[in-house]
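Protein chains in written order, with UniProt numbering: chain R, 1 to 346; chain B, 1 to 346; chain G, 1 to 380; chain U, 1 to 380; chain S, 1 to 78; chain E, 1 to 78.
Simulated from the structure, these hints should not be mistaken for lab results.
We treat Cβ as the ideally placed atom computed from N, Cα and C, and that holds for glycine.
Don't take each hint at face value.
[Said to hold, decoys possible] Just a sample of chain G residues kept apart from chain R, beta carbon distances all over 12 Å, derived:
#1 ALA17
#2 GLU23
#3 ASP75
#4 MET95
#5 SER100
#6 GLU194
#7 GLU247
#8 ASP319
#9 LYS334
[Claimed, not checked] Derived list of chain B stretches under chain G, where covered just means 3 residues or more per stretch with a C-beta under 8 Å from a C-beta of chain G:
#10 19-25
#11 95-103
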Amino acid sequence: MKAYQRKLDIRNGCVDLSHGSGGRAMAQLISGLFHEAFGNEWLARGNDQSAFDVGAGRMVMTTDGYVVSPLFFPGGNIGSLAVHGTVNDIAMAGARPLYLSASFIIEEGFRFADLKMIAESMGEAARTADVHIVTGDTKVVERGKADGLFISTAGVGVVPHGLDLSAENARVGDRVLISGTLGDHGVAIMSKRQNLAFETEIVSDSAALNDLVAKMVEAGGRGIRLMRDPTRGGLAATLNEIAQQSDLGFHLREEAIPLKPGVAAACELLGLDPLHVANEGKLVAIVAPENAAPVLAAMRAHPLGRDAADIGEAVADDHHFVQMATSFGGGRIVDWPSGEQLPRIC
Amino acid sequence: MKAYQRKLDIRNGCVDLSHGSGGRAMAQLISGLFHEAFGNEWLARGNDQSAFDVGAGRMVMTTDGYVVSPLFFPGGNIGSLAVHGTVNDIAMAGARPLYLSASFIIEEGFRFADLKMIAESMGEAARTADVHIVTGDTKVVERGKADGLFISTAGVGVVPHGLDLSAENARVGDRVLISGTLGDHGVAIMSKRQNLAFETEIVSDSAALNDLVAKMVEAGGRGIRLMRDPTRGGLAATLNEIAQQSDLGFHLREEAIPLKPGVAAACELLGLDPLHVANEGKLVAIVAPENAAPVLAAMRAHPLGRDAADIGEAVADDHHFVQMATSFGGGRIVDWPSGEQLPRIC
Amino acid sequence: MKYADEFRDKEIALGLAKTIRAEADPQKLYRFMEFCGGHTHAISRYGLEDMLPKNVRMIHGPGCPVCVLPAGRIDMAIRLAERPDVILCVYGDLMRVPGSQGTSLLKAKARGADIRMVYSTIDAIRIAEDNPGREVVFFAIGFETTTPPTAVMIRLAEKKQLENFTVFCNHVLTPPAMQNILESPDIRNIGRVEIDGFVGPAHVSTIIGTAPYEFFAEEFGKPVVIAGFEPLDMMQAILMLVRQVNEDRHEVENQYSRAVNRDGNLRAKEEVSDIFELRDQFEWRGLGQVPYSGLKLKRPYAIYDAEVRFDMHELRVDDNPACECGAILRGVKKPVDCKLFGTVCTPETPIGSCMVSSEGACAAHWTHGRFRDHQQRRVS
Amino acid sequence: MKYADEFRDKEIALGLAKTIRAEADPQKLYRFMEFCGGHTHAISRYGLEDMLPKNVRMIHGPGCPVCVLPAGRIDMAIRLAERPDVILCVYGDLMRVPGSQGTSLLKAKARGADIRMVYSTIDAIRIAEDNPGREVVFFAIGFETTTPPTAVMIRLAEKKQLENFTVFCNHVLTPPAMQNILESPDIRNIGRVEIDGFVGPAHVSTIIGTAPYEFFAEEFGKPVVIAGFEPLDMMQAILMLVRQVNEDRHEVENQYSRAVNRDGNLRAKEEVSDIFELRDQFEWRGLGQVPYSGLKLKRPYAIYDAEVRFDMHELRVDDNPACECGAILRGVKKPVDCKLFGTVCTPETPIGSCMVSSEGACAAHWTHGRFRDHQQRRVS
Amino acid sequence: MCLAIPAEVTKLLPDEMAIVSIDGVSKEISVALIENLAVGDYVIIHVGYALTKIDPEEAMRTLELLRELSAEGQGAAS
Amino acid sequence: MCLAIPAEVTKLLPDEMAIVSIDGVSKEISVALIENLAVGDYVIIHVGYALTKIDPEEAMRTLELLRELSAEGQGAAS
Ligand code: SF4
Ligand code: SF4
Ligand SMILES: [Mg+2]
Ligand SMILES: [Mg+2]
Ligand SMILES: [Mg+2]
Ligand SMILES: [Mg+2]
Ligand SMILES: [Mg+2]
Ligand SMILES: [Mg+2]
Ligand SMILES: [Mg+2]
Ligand SMILES: [Mg+2]
Ligand SMILES: [Mg+2]
Ligand SMILES: [Mg+2]
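Could you put the whole structure together from the sequences, leaning on the hints where they help?
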């Protein structure tokens with residue numbers, strides 16, 4: 001391509017409406033900022049779509065929109081999150097994530113410097129997860145019509161032969177494994193919200209779990225019934241969903257659930273249940289009892305599963321309750337979160 | 001699934017923050033509104049990703065974000081547009097679109113009734129285009145942090161063996177074919193913008209072009225070098241892009257370019273160049289000269305290509321100019337649009 | 001967490017449970033009301049019910065200031081927030097509380113009212129400073145615990161000479177409500193279950209002290225034990241109540257001595273009495289009008305009173321007649337006795353006060369205890 | 001489009017081109033300035049240059065009110081728009097016009113200034129009515145064509161008693177600018193190309209009529225032909241100018257008689273003279289200070305004058321010294337003679353007035369005519 | 001400068017407003033600057049205002065003249 | 001009701017504010033309601049205000065009593 005007039009002023013410049021209007025300014029933003037950060041052969045061809053070869057088999061596809069606020073948080077930013085989240089939804093099917101697409105919706109006035117940092121985080125997250133961002137789109141909306149930046153990523157991957165992980169696959173007697181401590185992402189985010197502002201060492205757990213999943217599949221094979229990443233709504237929402245879809249219930253042991261003291265403290269401060277708080281680098285696996293031990297061992301051998309734990313089992317229950325033996329010695333339900341997670345005073 | 005408490009009040013209700021927070025309200029919105037509208041076996045399984053079988057070969061993937069305002073416009077709405085646009089980007093590779101994902105970013109206060117209409121339009125557009133919306137995501141942001149509704153769709157499809165359409169493939173001497181009248185979508189949208197408000201019979205051309213493309217590929221085979229849908233930035237941006245990527249220039253004949261009188265009039269009124277105005281159901285095909293006639297015939301035989309025309313040719317040009325012989329008899333450049341398309345007074 | 005974890009010890013709990021079982025007379029029924037939602041929450045959160053003998057039964061009182069706020073006051077707040085000049089600042093708990101006809105602050109916000117969630121009254125002051133052209137109203141709710149922070153905020157607004165700042169005051173008092181439960185005329189319709197003792201408020205008592213309960217224990221002949229919100233605090237208090245009943249005493253005892261004394265927080269009480277005065281009566285959702293149970297701003301502080309500045313008029317909304325909250329709060333019925341429980345009425349779409357916050361009797365049972373209604377086998 | 005399509009007829013054009021070629025003396029050079037950007041646009045849009053003989057050369061004048069607005073006035077507008085109380089209403093053309101240091105209204109908007117694009121002055125009135133708590137300022141620009149709509153709007157604001165509405169007036173007049181081109185002292189530095197005749201404004205003349213050019217034709221001895229903006233209008237006017245030159249006449253002729261007469265639009269002129277008066281001088285980008293070339297609001301309308309209400313101070317920004325606009329506007333140089341053309345200066349990032357709107361000489365050449373600089377073969 | 005196009009008046013409205021039509025595109029404009037306007041008249045519109053009426057006879061005369069001038073050229077050397 | 005948790009005062013700030021810490025989570029709160037506060041004290045915090053100081057001796061005494069009462073049960077019939 002011939003040089004476009006002046007270079008983007010990354011340090012001081014910001015996105016304006018001309019960067020979304022299909023003219024030279026947009027082409028410059030895309031090639032000068034996004035392609036540079038994601039750099040790969042597919043984007044370089046400059047088409048509105050990208051092509052790749054696949055072998056015959058089973059593929060999975062997923063999408064998620066990222067609207068996190070603040071955009072930068074301890075442990076990551078919206079860019080790395082947008083890669084991890086979508087990679088993880090692919091990985092939860094036991095699949096190997098391959099290609100991602102990225103759709104950017106940018107509010108006018110957004111600083112190039114921030115956009116570049118975010119794009120670079122995406123590029124790095126993609127390289128680490130061994131996936132490629134092969135196609136994308138950029139829209140710019142007027143000030144006040146977005147919240148800085150939204151990213152929607154979609155992803156595709158391939159499932160190893162014979163693997164069919166799905167929410168209806170849990171069976172009574174299956175074990176519930178969790179890959180590590182809960183609530184880190186949600187607490188890291190909340191610590192930076194203006195009205196809550198508290199200080200904590202907790203950083204988001206945002207990470208790509210595909211490699212961990214590969215090791216688990218190796219160890220557990222078809223004994224793994226299903227996996228899910230407990231994001232919005234936390235472990236509570238995830239297990240309630242699975243209970244409904246698999247038509248059973250769960251019994252958990254609170255003592256077994258890994259939780260950082262700082263996360264517990266922040267949740268007490270805000271009146272939130274850590275089981276309702278979002279995670280972005282954790283997974284729940286429902287595993288046949290005979291495979292639980294090897295899968296758990298494989299998890300613990302992986303850096304992202306060091307704190308993995310067996311936290312309970314699937315039980316027959318027409319009411320689909322997720323019950324929990326509290327660490328105090330009683331029993332309770334772990335219900336869906338109701339509505340937005342708001343800090344409580346009561 | 002067990003019944004969720006009260007039904008969504010589609011007629012009077014609206015989205016609030018609880019519909020994006022991972023709890024029961026969100027599950028209800030998704031199953032009660034989106035799944036109903038898109039209804040298919042993949043969504044019914046309720047996973048965070050969907051799996052499907054593919055044969056070995058070449059696949060394409062694309063994404064686009066839709067931020068159109070107003071959301072409802074003559075000839076469609078953001079929902080049908082989000083399907084057509086992504087289907088078309090797949091089709092432009094000569095591929096058969098198969099599966100779509102949909103990411104919704106919704107501003108709190110958005111009316112269920114509107115959301116339902118939009119979802120139903122998406123479902124219908126998908127059925128017409130013979131694609132399936134197999135996975136999705138819903139986020140809700142605070143009032144003032146979005147513009148009602150944004151949709152990002154991604155899509156995958158398969159390319160027939162031996163076809164490799166790409167922007168760098170144009171050759172000197174190739175013909176430039178366009179599938180119909182230009183500017184209909186942009187003018188239909190602008191006619192409903194508050195400050196421009198004019199009345200016109202023009203409706204958006206928003207449509208899925210995959211069937212048209214299939215017929216063209218049948219007729220033209222590998223003589224089709226590349227196709228592109230002239231969306232944002234219009235025909236001007238599309239041809240300038242291709243000129244740069246294929247390292248050549250174009251010569252167009254203005255007389256040959258199909259244009260509705262109402263579109264021409266609206267553009268004169270606003271001081272816009274119709275070649276800069278967006279289309280959502282048109283394609284440009286760069287075709288080897290010997291294949292141009294059969295491809296054009298195939299286009300004209302299709303309802304979406306009735307007004308197809310041969311509007312010019314690719315020429316050698318180090319400067320990558322898109323030149324045009326005006327209908328008045330002179331010559332001019334058809335340049336990229338510069339910045340946002342703003343109505344002019346001068 | 002120091003001063004919390006120690007009071008959640010499972011081993012101590014197991015022994016304490018045995019002590020309670022040993023001391024509770026199997027021939028007797030012990031019906032204790034925990035007034036506070038904090039205690040209700042602890043019971044359900046830690047599964048305390050599973051650790052008490054069957055004849056020790058806890059009755060969940062009306063002690064959640066969010067739950068007891070009547071729909072009419074929510075409607076008033078919504079009407080205020082819908083004014084384009086107004087920014088309404090609220091504690092997060094209030095967002096889902098139902099007003100009339102299925103409305104709520106959450107829905108009003110979705111429809112365009114400028115409603116901001118705050119964590120502290122100090123945030124509300126900051127919002128007022130940041131928005132000089134707008135009217136910032138703080139939606140004040142809460143018992144004696146939450147009132148002093150509102151008082152401090154009004155002092156601060158005075159000091160900063162904020163002219164765009166007012167308070168919509170909904171502060172209420174606990175002793176009149178406890179009294180109402182035992183003697184309100186409604187009891188004739190609802191019936192009454194004998195209450196054998198009260199677990200008294202924890203954090204309310206840090207402010208008002210234990211003295212105010214003395215009249216109460218004497219007048220009604222009921223034992224009262226002030227208890228902390230940790231589960232061992234609760235169990236100890238229950239044991240103390242069992243002992244009082246067994247010994248036929250009705251005294252005020254203080255289990256929560258690490259934070260509560262007889263006089264309370266004098267400085268806080270003084271701030272409150274400087275700024276607030278009693279209303280003749282105030283409506284409690286589930287209880288109806290309760291005399292001398294609510295606070296309003298004193299005359300000299302009327303410029304900070306949103307009800308004065310915006311000429312707000314009392315709105316009254318009848319409670320849903322099918323809602324059994326009144327009977328539940330008085331121990332006559334249980335949540336499952338209500339036809340609406342878990343069908344029309346859930347935490348997502350609460351109908352009555354007991355379902356509104358996670359500390360209401362119905363919400364606590366729905367969220368944490370419901371499995372017991374269908375119990376096939378015990379979680380262990 | 002009636003009254004437009006007929007005047008774009010290719011067949012007539014071909015004959016007319018031949019007539020011009022036949023009548024233009026090959027020994028002579030005909031240098032005609034079209035004052036108006038509308039004419040410049042028609043030339044480039046329809047490729048008129050390809051239809052004229054080589055010795056008939058068009059010089060693109062300063063006739064685009066957007067282009068000639070100096071950077072200082074843009075800076076003033078941005079400073080105003082950055083006030084949180086102000087909503088600035090502008091015609092879309094203005095958004096990309098450069099102020100100092102690479103700024104523009106588009107960028108100011110991106111950084112948070114509340115700037116609204118309007119199509120008509122009537123929209124600005126509506127915005128003022130819809131935002132009673134804000135100050136709505138209309139950024140008025142334009143020649144005699146665009147001034148009457150501003151006048152009507154001020155009348156309307158008066159009638160509606162709008163108190164939050166003002167006008168930032170930048171209206172300018174064409175005859176003083178035409179005069180400046182021929183006699184300004186700058187010419188000594190820039191040098192001058194002889195201009196043999198003027199294509200006179202089309203729509204400006206619908207308002208002011210042809211009379212004002214009579215003094216001009218006489219004083220400077222230059223033929224003037226008022227022409228419509230359609231390409232055949234232009235070609236006819238060029239033929240008429242060729243004939244005047246050949247016959248050594250210097251008259252005002254009216255090619256655009258279907259819309260223009262000698263007196264113009266009396267009602268519009270009256271509205272304008274009621275409300276506006278001349279400034280002593282006004283800066284034009286590319287031309288510098290031009291005496292009696294700008295308008296301001298008369299004293300009785302000062303309450304609608306943003307410069308008065310907001311105590312705005314004139315900001316002066318020097319033009320980029322490398323920019324050759326001054327010479328280009330006077331016909332001494334061509335866009336390609338400027339070192340910045342197409343490198344630093346493009347329509348996306350314009351440096352000088354001639355690149356600002358699509359009607360500027362440099363922008364028109366970049367956008368539509370550039371291929372001729374590298375022409376290998378003729379488009380046909 | 002001064003983008004303006006011819007449009008037909010199709011309806012007169014109160015408050016000196018009118019509807020004009022251009023090849024099926026219709027728009028509300030102000031006619032406050034025009035006297036004696038009738039439906040069927042053509043006006044030149046600019047920034048939502050009619051600037052002047054078009055004189056149909058003059059238009060026809062110009063067009064005839066254009067044809068003549070063109071014919072002169074066609075008759076002349078090619 | 002009245003969500004409140006124990007926190008350690010780690011720093012006193014001007015304007016009757018202070019920093020408290022709970023297991024590594026620290027937060028700025030108002031201590032306008034408390035007299036004679038020192039770093040190292042534990043307070044009960046509620047809606048960003050300290051309501052009262054915790055008396056460490058009373059806490060220890062309660063805990064001892066709890067252990068005794070528990071031991072009574074452990075000694076009693078199982
Ligand atoms: S379930 Fe709902 S309606 Fe029934 S008593 Fe409880 S709060 Fe009232
Ligand atoms: S190219 Fe730009 S800098 Fe050069 S003369 Fe034209 S406007 Fe001025
Ligand atoms: Mg997903
Ligand atoms: Mg996900
Ligand atoms: Mg795109
Ligand atoms: Mg997931
Ligand atoms: Mg695309
Ligand atoms: Mg596209
Ligand atoms: Mg999702
Ligand atoms: Mg495309
Ligand atoms: Mg409001
Ligand atoms: Mg402003």
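Check your understanding: Out of the numbered hints, which ones does the structure contradict?
Key -> 1, 4, 11
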